[in-house]
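Novice: If you read the sequences in order, they're chains A and B.
Here my numbering = 1-based position in the first sequence + 20.
Here my numbering = 1-based position in the second sequence + 20.
Hints in this document: simulated from the structure, not taken from any laboratory.
Careful: at least some of the hints might be erroneous.
Computed spacing ranges between beta-carbons, pair by pair [claimed, not checked]: (1) B:Phe392 with A:Glu322: 54 to 62 Å; (2) A:Ser350 with B:Asp270: 20 to 28 Å; (3) B:Asp242 with A:Glu126: 30 to 38 Å; (4) B:Glu96 with A:Glu460: 40 to 48 Å; (5) A:Lys103 with B:Pro111: 32 to 40 Å; (6) B:Gln121 with A:Ala463: 56 to 64 Å.
C-beta: ideal position from N, C-alpha, C; glycine also.
Number of protein chains: 2
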Amino acid sequence: MKNIKNDAICSMTADFAQWYTDVCKKAELMDYSSLKGFIIYRPYGYAIWENIQNYLDKKFKETGHENVYMPMLIPESLLQKEKDHVEGFAPECAIVTRGGQNELEENLIIRPTSETLFCEHYAKIVNSYRDLPKKYNQWCSVLRWEKTTRPFLRGSEFLWQEGHTIHATEKEAREETINMLGVYRDMAKDLLALPSITGRKTEKEKFAGALETYTFEALMHDGKALQSGTSHYFGQGFAKAFDMKFLNSDNKLDYVHQTSWGVSTRLIGAIIMVHGDDNGLVLPPRVAPTQVVIIPIRQNVEGVLDKAYELEKTLKDAGIRVKVDNTDKSPGYKFAEAEVRGIPLRIEIGPKDIENNEFVLVKRLDGDKETFSMDIDLIKLINKKLDDVHEAMYAKALKHLNDNIHNVDTYDEFKEKIECGGFLKAPWCGKTECELKIKEDTAATTRCIVPDGHEHIQGKKCIYCGEDAKEEVYFARSY
Amino acid sequence: MKNIKNDAICSMTADFAQWYTDVCKKAELMDYSSLKGFIIYRPYGYAIWENIQNYLDKKFKETGHENVYMPMLIPESLLQKEKDHVEGFAPECAIVTRGGQNELEENLIIRPTSETLFCEHYAKIVNSYRDLPKKYNQWCSVLRWEKTTRPFLRGSEFLWQEGHTIHATEKEAREETINMLGVYRDMAKDLLALPSITGRKTEKEKFAGALETYTFEALMHDGKALQSGTSHYFGQGFAKAFDMKFLNSDNKLDYVHQTSWGVSTRLIGAIIMVHGDDNGLVLPPRVAPTQVVIIPIRQNVEGVLDKAYELEKTLKDAGIRVKVDNTDKSPGYKFAEAEVRGIPLRIEIGPKDIENNEFVLVKRLDGDKETFSMDIDLIKLINKKLDDVHEAMYAKALKHLNDNIHNVDTYDEFKEKIECGGFLKAPWCGKTECELKIKEDTAATTRCIVPDGHEHIQGKKCIYCGEDAKEEVYFARSY
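If we strip away everything but chain A, and leave its shape as in the complex, we get (with noise of 0.2 Å):
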């Protein structure tokens, strides 16, 4: 009875591929369209985006920074202007080439990332360091045309945030690309109840155009990372590149520091495969849609409704996101629906449970089901089982990542480790070379360099060549 819907999602030990997609269909978080690599965002997945942007724009508006929009498409010779970037992104571009029914005498190119269109409004609009620091974001989608693709992990087009700052000095666009890292991982943290690594990506891993990347990297279910978000450092090389130049107030021209810094819908898959079981999603409840559903048993009977109805005005006065099911599904049904989307606490309550004046609450998280008298201080109650359901979600998940970090020395231990999935942290030369070697064997690459890697490197050597290592670095199999 309890697992009409579920049994339609295949266990995570038995294909967590297959389960990561049925997850993400049963629970009507998106569909695909006709279009290869395009999915639909169906209400319940889109309102997941809708509170991590509604946290983020909050966090970046505290934090000095103002929305804008630029245009979609992005003039052939202007994505052209900066070479490194050009290189990176030119082959994952999709192309306009007619409108208004005409051919065009330029290519379009639909936004993969916009850092060639605030470059040339900043060269514009910037002329003293009175009008520094900028710092603007913008919410959109962008497309970059890929081969394979999965719902929210990687497809031709998805929604995010980009940030993109101008600044008078290096100093404080160091401080930028580091501190909106911070806001990233802490979101992670305190919203999605997601930890995770932290620390600057190697030469070959780093965004085209940028001196130096962050990246904050999560660990999925079955031991794999996951790219969460970047923040790029640029240096003055965009700046010249579109000469991007200031008087400073030693009235010197000079070009400006800048960086960037994403986070995409990417995110919904971090949540889905960190948190997810065999029953489906299970969300943690600062970024679930509903956090509390209330299951009416014997809804026909006069006043369980009203019952009903009377908890969800009460908590949702004091802003919990809450209702009641109402539909004329069977309560086992209901039950299971509630379970697939992950809905972290669910009400249960029936004639009899009003007799005895109490109701069932039950968590997702482990099905844990108590009791309690309707005389409870209510909202107290749910706030505070929200609040337990989140640290406890985030203890179980912290413990999976540090269960399996793993320190290695040698490349034989390096390939029997890999093999177990999760996080490795190794000496490295600090040559691509090694880099691409390593992932050829083994299918893994470097996630991050381990930003006090240098307490543990000395004397140590290179898992692949065997020189002395320059760095610590973390590596893993990826999405």
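Chain A is fixed; fit chain B onto it per the hints.
Specialist: Quick look at chain B alone, frame taken from chain A:
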């Protein structure tokens, strides 16, 4: 001193079009990109749009709508499924022919509107009357390749929301069409202080593929009308083209009944052209990104900035959008900037004011200046003034609208009065031919059918052909 910036704004009477462009630029609402027809929404302009979004998004959700996101690209074959629709949009499409360095097998259209995508999805997910209604909305940008473009009014890309709903009965769909028009009309009045006329479009002017289109039209300062939002009733036309069938409560297959409705960043153009003056923008308080600017006089004198921040904190904590202009510009320059930007209220505070335990409050709308004691209930005062300004702006715009609606019964009178701008209410035979001839002669088009027009046309003749009138219509020149 006062008009440092405003000098750069052309006067309205001298050249309305130039005045409009000057305001857009000088108030820093937008900038041109290097691509013709594509503008950059700068922070101040985008913040106005965000306030419109926040208001509407809340209303949409309160009325049972859910947000989704559909792909930005539409396969050409999908767009072609509904004949009238594709005929309407094909001439202004932007077409992607290459992706990932390959020629595509099928051309992809950047969405000019998303009916076809919603239809395809709805056809997949709706089976039974239990699945209905579906009331979805999407916030996004759309592309329509335009030859003549003007910031916010007509662009090749613009930001909008598009609601798409399907229903089990014609009655419910018709109600939705009218209700959403009402949501728009109320938003215009309550948020933007914009009065409007509403009604049904003629056959010639309706949306490509709709059975009926309803519009709300505002009157600009120069006497031209602006179609500010539309709501469409589709009947079952798209439903048949896209096979959107469902099992109704009698267990019979039926086609769904459909609507769509949208408003765009065009509303920003309406705000500018209805409320603005020769000194720049005049923003309705409820949509203004900054409602109160506090300008310190002699801000280097000890205590002045502190007092300014104290007032700012009091207002900010009460949810009023306020900021202290603490830049190192002169007060006169700051006054002028606040004027160009149309900030509803300005507080001036200097050493002498502090000595006298008072501050000066200036209204942008009329330059009205009052001095208040610091002991006043500041929050109550400012909220009252913001409401007063809103009401005064609405009353002024309503007077302008009402003063410029004229009844005409003959074509001579029509041709004379149309030169003065405004809406002309005229009897009309109902034939597209007459509309076309009138447009050719006078550049005026039907804006909408007068809702209670039948009461006025008994015995009247079409102003153009002299045949019996079937409708009374509003004519106007328009944007």
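Novice: Next, verify each hint and record whether it holds.
Specialist: Hints, one by one, checked against the model:
Under the hint 54 to 62 Å, the C-beta atoms of Phe392 (chain B) and Glu322 (chain A), about 59 Å apart, fit the expected range. Distance hint check for Ser350 (chain A) and Asp270 (chain B): the Cβ-Cβ separation is about 23 Å, which falls inside the suggested range of 20 to 28 Å. Roughly 35 Å separates the CB atoms of Asp242 (chain B) and Glu126 (chain A), a value that falls within the hinted 30 to 38 Å. Between Glu96 (chain B) and Glu460 (chain A) the Cβ separation comes to about 41 Å, which falls inside the hinted range of 40 to 48 Å.
About 38 Å separates the C-beta atoms of Lys103 (chain A) and Pro111 (chain B), a value consistent with the hinted range of 32 to 40 Å. Distance hint check for Gln121 (chain B) and Ala463 (chain A): the Cβ-Cβ separation is about 25 Å, which falls outside the suggested range of 56 to 64 Å.
Going down the numbered hints, you'll see the structure goes against just number 6.
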